[in-house]
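**Student:** Now for the letters of each chain:
Protein chains: 2
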Amino acid sequence: MSTTTRSSKRQKTNDDLPYTLIYWPSIPGRGEHVRLAFEASGTPYSDISNESKDGINAVLAQISGENIGDEHNPPPLAPPVLKHGEDISISQTPNILLYLGPKLKLVPNIEEDPIGIYHVNALALTALDGLSNETHDTHHPIATGDYYEAQKPEALKKAKDYRANRLPKFLEYFERVLRGDASQGGEYLYGGQLTYADLVFFQCLDGVSFAFPKCTAKLRESGDYDRAFALYDRIKGLEKVKAYLESDRRQKYSQGIYRHYPELDEDGEGDA
Amino acid sequence: MSTTTRSSKRQKTNDDLPYTLIYWPSIPGRGEHVRLAFEASGTPYSDISNESKDGINAVLAQISGENIGDEHNPPPLAPPVLKHGEDISISQTPNILLYLGPKLKLVPNIEEDPIGIYHVNALALTALDGLSNETHDTHHPIATGDYYEAQKPEALKKAKDYRANRLPKFLEYFERVLRGDASQGGEYLYGGQLTYADLVFFQCLDGVSFAFPKCTAKLRESGDYDRAFALYDRIKGLEKVKAYLESDRRQKYSQGIYRHYPELDEDGEGDA
Chain S
1 MSTTTRSSKR
11 QKTNDDLPYT
21 LIYWPSIPGR
31 GEHVRLAFEA
41 SGTPYSDISN
51 ESKDGINAVL
61 AQISGENIGD
71 EHNPPPLAPP
81 VLKHGEDISI
91 SQTPNILLYL
101 GPKLKLVPNI
111 EEDPIGIYHV
121 NALALTALDG
131 LSNETHDTHH
141 PIATGDYYEA
151 QKPEALKKAK
161 DYRANRLPKF
171 LEYFERVLRG
181 DASQGGEYLY
191 GGQLTYADLV
201 FFQCLDGVSF
211 AFPKCTAKLR
221 ESGDYDRAFA
231 LYDRIKGLEK
241 VKAYLESDRR
251 QKYSQGIYRH
261 YPELDEDGEG
271 DA
Chain V
1 MSTTTRSSKR
11 QKTNDDLPYT
21 LIYWPSIPGR
31 GEHVRLAFEA
41 SGTPYSDISN
51 ESKDGINAVL
61 AQISGENIGD
71 EHNPPPLAPP
81 VLKHGEDISI
91 SQTPNILLYL
101 GPKLKLVPNI
111 EEDPIGIYHV
121 NALALTALDG
131 LSNETHDTHH
141 PIATGDYYEA
151 QKPEALKKAK
161 DYRANRLPKF
171 LEYFERVLRG
181 DASQGGEYLY
191 GGQLTYADLV
201 FFQCLDGVSF
211 AFPKCTAKLR
221 ESGDYDRAFA
231 LYDRIKGLEK
241 VKAYLESDRR
251 QKYSQGIYRH
261 YPELDEDGEG
271 DA
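In order, the protein sequence lines correspond to chains S and V. Quick note on the UniProt record's numbering: the first sequence kicks off at 1 and runs consecutively. Quick note on the UniProt record's numbering: the second sequence kicks off at 1 and runs consecutively.
The set of hints was computed from the structure by calculation and includes no laboratory data. Just to be clear, a hint being listed does not mean it is correct.
If several chains are the same, the list does not tell them apart, and a pair holds so long as it fits within one copy or across any two.
[Said to hold, decoys possible] Heads up, simulated DMTMM-like pairs for lysine to aspartate or glutamate below, C-alpha to C-alpha not over 20 Å straight-line:
| # | residue 1 | residue 2 |
| --- | --- | --- |
| 1 | LYS103 | GLU175 |
| 2 | LYS252 | ASP47 |
| 3 | LYS152 | GLU239 |
| 4 | LYS152 | ASP70 |
| 5 | LYS169 | ASP146 |
| 6 | LYS169 | GLU111 |
| 7 | LYS169 | GLU66 |
| 8 | LYS152 | ASP129 |
| 9 | LYS53 | ASP233 |
| 10 | LYS152 | ASP233 |
| 11 | LYS103 | GLU187 |
| 12 | LYS105 | ASP54 |
| 13 | LYS105 | GLU187 |
| 14 | LYS169 | GLU149 |
| 15 | LYS103 | GLU266 |
| 16 | LYS218 | GLU175 |
| 17 | LYS240 | ASP87 |
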């Protein structure tokens with residue numbers, strides 16, 4: 001296809017097009033980061049598989065081995081997928097947030113701070129790496145497609161390292177970000193304003209607190225991460241976030257990324 | 001700090017500023033994705049810790065627990081860090097590539113295809129998730145900070161699942177992307193042109209081929225992933241990439257993300 005043809009068929013970017021989130025029903029999961037961006041910014045969106053019984057078919061169609069995408073959009077590996085209007089399909093959680101950031105004003109104004117969006121993206125990627133992916137791996141250290149029970153001895157070891165080393169490491173990092181001048185006072189992670197990095201950090205730490213309540217409480221009480229926990233509390237208390245968390249649109253944690261297995265939260269259990 | 005003050009001190013974005021890669025010396029690692037973007041596009045850059053003996057101090061200063069960043073830049077969690085001129089520091093591999101993409105013409109022209117950069121970003125994120133992070137975890141399934149030998153039984157199990165399920169899953173995905181219309185013919189992953197997603201895919205599969213030579217050869221011979229392996233060969237044969245791979249600027253694999261432990265590449269070893 002020539003560049004000219006492609007150009008004439010290019011995807012529209014009208015911000016008034018409707019937003020549809022395509023994600024598994026009934027769990028927060030990685031889709032929750034997208035929901036929170038919409039909710040915190042008061043942006044209308046459709047959460048297709050939680051709003052209609054056959055909405056899950058939209059998820060299954062996206063991840064089908066038959067799906068090769070279309071003229072504009074490569075197929076996604078996994079949900080969440082964001083549809084913007086009919087023509088635009090965007091996958092990968094941090095990528096969806098990057099796309100939404102300027103539209104939902106959840107990144108610094110690009111005219112005033114053209115580099116800010118990259119800093120926000122880096123912070124969101126780091127939170128997802130350390131506080132979402134690694135947290136998931138505590139209950140599935142060996143095989144993502146197998147049961148927890150089939151890899152429980154390994155999970156106990158992995159969770160021990162997570163509690164002792166990884167979780168403190170990531171909290172210390174975000175504490176340091178909040179101490180730094182680029183946060184402009186430590187109220188938010190970057191630039192003195194709410195960005196989607198704050199929302200991602202909140203959601204990750206909320207999930208970690210569900211999965212590892214004892215460990216998280218101990219880390220909070222240590223006083224070593226006061227800025228990080230204050231940020232968590234601040235986001236949780238934002239008017240629109242609070243209303244959302246109290247609504248039935250907020251899905252409950254269960255058997256997703258964040259799972260509460262008491263044995264993974266106990267000191268000593270993972271000793272070899 | 002007021003918005004006005006910040007605005008007046010905003011970071012410059014002159015594309016003529018020099019690029020400096022701050023990454024560990026002597027290993028390809030995640031820094032390799034940044035090197036390949038520069039090399040494939042013929043863009044001058046400084047690879048500070050491979051070019052001077054005390055360049056490693058730049059890495060250590062970045063990841064020090066004392067580093068709280070500066071007025072503009074949050075601290076990074078880990079290298080690679082890209083410096084652009086004196087004022088701009090960008091961290092997180094896919095974020096660095098996102099920043100460089102338009103400047104190095106490794107994403108579709110934004111005027112002609114404003115959504116293309118998000119598709120490229122999603123493809124790069126997916127390759128890094130599945131073919132870099134998961135590959136690393138085969139030799140470190142329990143504790144990133146501990147020795148391989150301390151987690152070898154678990155590594156054998158993880159590697160078995162990786163060879164049987166995860167690696168084929170990701171190759172099948174990229175094969176499907178190449179079959180799709182958005183690739184515009186399957187020569188490259190997206191839009192009929194070389195993007196950084198192709199370079200990331202190449203580097204990941206190159207590392208996987210080093211770590212799992214038998215498994216990779218078997219998958220290639222199966223014929224199920226012909227487009228994916230053809231893309232690998234195509235990128236490897238690009239004039240500038242080829243010259244780079246043959247130069248002494250290309251670091252050798254050793255004890256980084258991609259490690260060749262023959263026992264992890266053998267069927268049967270991971271049986272429980």
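**Student:** Taking the numbered hints from earlier one at a time, note which ones the structure violates and give those numbers from smallest to largest.
**Tutor:** 1, 3, 4, 6, 8, 9, 10, 11, 12, 14, 15 and 17
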